[in-house]
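Participant: Take the sequences, apply the hints, and build the full model.
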Amino acid sequence: MIKRSFFGLVKPKLHYERIDEAQAEPVSVKASKNIMLSIEHPFESAKNSLLKIGDPVKNGQKIALTEKADDYLLASKSGRISNISPFVGILGKKYTVVTIDIDADSAQTVDDHFKSSSQTPSLEKARDLLSGLPGKPDFTVFFNTDKPVKTIVVMGADNDLLSITRQYFVKNNIISMKTGIDFLRKITGIHNVILIVPQHLAQVAGSSGATVKTVDSEYPSAHPHLIRQHVLSTEASSPDAGVAFFSAEAVSALGAAFNTGKLPLEKLITFISKDGTRRLVSIPIGTPLQDILNEFNENLEEGDQLIVGGPLTGISVYTTDSPVMPDSDTLIVQSKEQVPERSDAPCVNCGDCVRVCPASIQVNLLVRYLEAQQYQEAADQYDLFSCIECGFCSYVCESRIPVFQHIRLAKYTLESMKEAEENNV
Amino acid sequence: MFSTLKLTVSHAPFWHIGSSTSSKSRNILLASLLAVVPGCYQYGQAAVGVVTIAIASAIIWELLINFISRRPISVGDGNAALVGMIFAMMLPATTPWWAVVTGTFFAVVIGKGIFGGIGANPFNPAVLAMTIVMLSWSHLFDFNAALLNYQFDFNAVYPLVLSKAFGAPAVESFAVMDLLKGKQIGGIGSTFGIGLILGGVYLMLRGYIRWEISVSFLAGIFAAALGFNFLNPELYAGPGFHLFTGYTLIGAFFLATEDSSSPVNFIPMLIYGLLGGALTILIRNIGTHIDGVLYAILIINLVNPIVDKIRPKAIGKGV
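Chains A and B, in that order, give the protein sequences.
When we follow our numbering, the leftmost residue of the first sequence carries the number 25, and every step to the right adds one.
When we follow our numbering, the leftmost residue of the second sequence carries the number 4, and every step to the right adds one.
Mimicking BS3-like on lysine-lysine, the simulated pairs with C-alpha atoms at most 30 Å apart in a straight line are:
{"no.": "1", "chain 1": "A", "residue 1": "Lys117", "chain 2": "B", "residue 2": "Lys9"}
{"no.": "2", "chain 1": "B", "residue 1": "Lys312", "chain 2": "A", "residue 2": "Lys435"}
{"no.": "3", "chain 1": "A", "residue 1": "Lys435", "chain 2": "B", "residue 2": "Lys316"}
Worth flagging that the hints you see were computed from the coordinates, not collected in a lab.
Facilitator: The structure is reproduced here in structure tokens:
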């Protein structure tokens, strides 16, 4: 954990991780007995689902609950469905978890749906088949007619601290990224593709065929909102302009899929163990996190914390059986002692949060409204919805107020109120 | 199906910079000792008594208000002790115990507690309390009378009284170096300039107080005093005198910088400090009061919410 420096005259800085020159190759971890696919789709509405317990599943097969659903995952191993259950994630997000008991390595069967359809690629096919790739490429933005997409941004810079997942793809897989970028250009007809990389990767990124722009190493400069604001040209920086963001991993996976005719369904994860060692792990999507911990003999004790995602914006999970998702870039194990204390002490108005806020929000005033649950007021007068959710305010808070959580809760409450109102009309 | 291991589940971020309210209070208390210890050396046991009673009674008042308002006990954050300490720093060493205890009551209960505790006070609690007791028992806080029985090897007249009554020539005998070394009478912790400056610089470097406020407060004093001195050097003492007498230094480093009653944005901090400094000199030179620091700080505390409206636009909100 990075601590406050002795001198506090200047505002605190956090830096993104930088991939080593001689980064070791990722360790390949296998799923031991089952994989779990958490599909963002409520369980109740999946009553007449396409899936039934006992169904055989092929490697690469699309696992969707209904015919038309946008939310689906791809089975990263073949096997048999052993369980379908509901799961409620952070802020009430409803998931359906499909557990698949996997076949032995020798008995893996591959779904050839992709191979046959990859001959004539199109945007619709990509949406219906490729969103489950590692890195979770989102093609739905191209179907939004209110905001026609004019720019595609490929993120070769990681979105949170400690992670080197995306940098790895820029450094080692630039050829398949080029294929992926060419494929995106072909199916979308958009030629303005920008690759965002940290400065030290600018040279290697040049061979991707995209316009290369760099961001500095200071958190949160690689945040999509700030990239819109500072890196993109003026017409793309307005919130109404259509910009599609893809991670380097997603683009590389697209490239690899078209190069080999086989869907790559191994997710690359930066794994930070309790003692701070960093390793890259390649693992099938849906594998329980326990399998990674077993591989590295990481023993968790009561009170330890398991974090999926970076240290500033990640989500802590309550069980080691949680699966690897297509967009989980980082896995961090924190021992009980490293978990920071939070408190319900009031804001003392020290202003540290105001000075670090990349969105120039008056967090000291905002948090007073949020604590009193006056969310509408907070949104109208104190820029609640300008927040880009970088987590910096909670990181520096002297009173140790969970500011970031207050903000997320407020946004969630207001959005669900709005939704309820719209549904009633 | 799930394992029974109980993991900690909390929300992002999972790192913290490590700062806390109590460590801030501790550091400010430590820095204040640089001025308080020489003060106690100068004024002897009486000063030690005033400081300890002030801190102890402030903590007790805080505990009482916690019980009465049924809030969690908050003496652990060190803020009550700090308020007591800063209040004591402004007192003459001969202050009777009941005045100290009453003063900390005004500071902790009236200045802070009834507004909702730490972070909710609109005025600096210690300044508010000092102003109330000064107005209530002015004879106790007339430094010339209060410290009459002490024998000093320097001019034992409160410098600001001299400059007020007799103009600039009367204070020419005060050399700046002597003032800095504490060769002047005044509050227990407000005369030893070197200690206050060292403490203040330490706090600014460590980020416990905002340097913008201290620096602009001193700049405001300097500029305003220079202006007056330029207009009529016979009547108004120069900036050097004003910077190192009365409550100026304690005001710049310990009073104006109180978190909850000061602004957080850059330009507002500068305005706040400059205004405080200028008001101090205005009150000292043409007002009826002897020292203007306390009133100036109360006034800038009052305008703090308004000046803090000068702020950058949040992203996505206009250009």
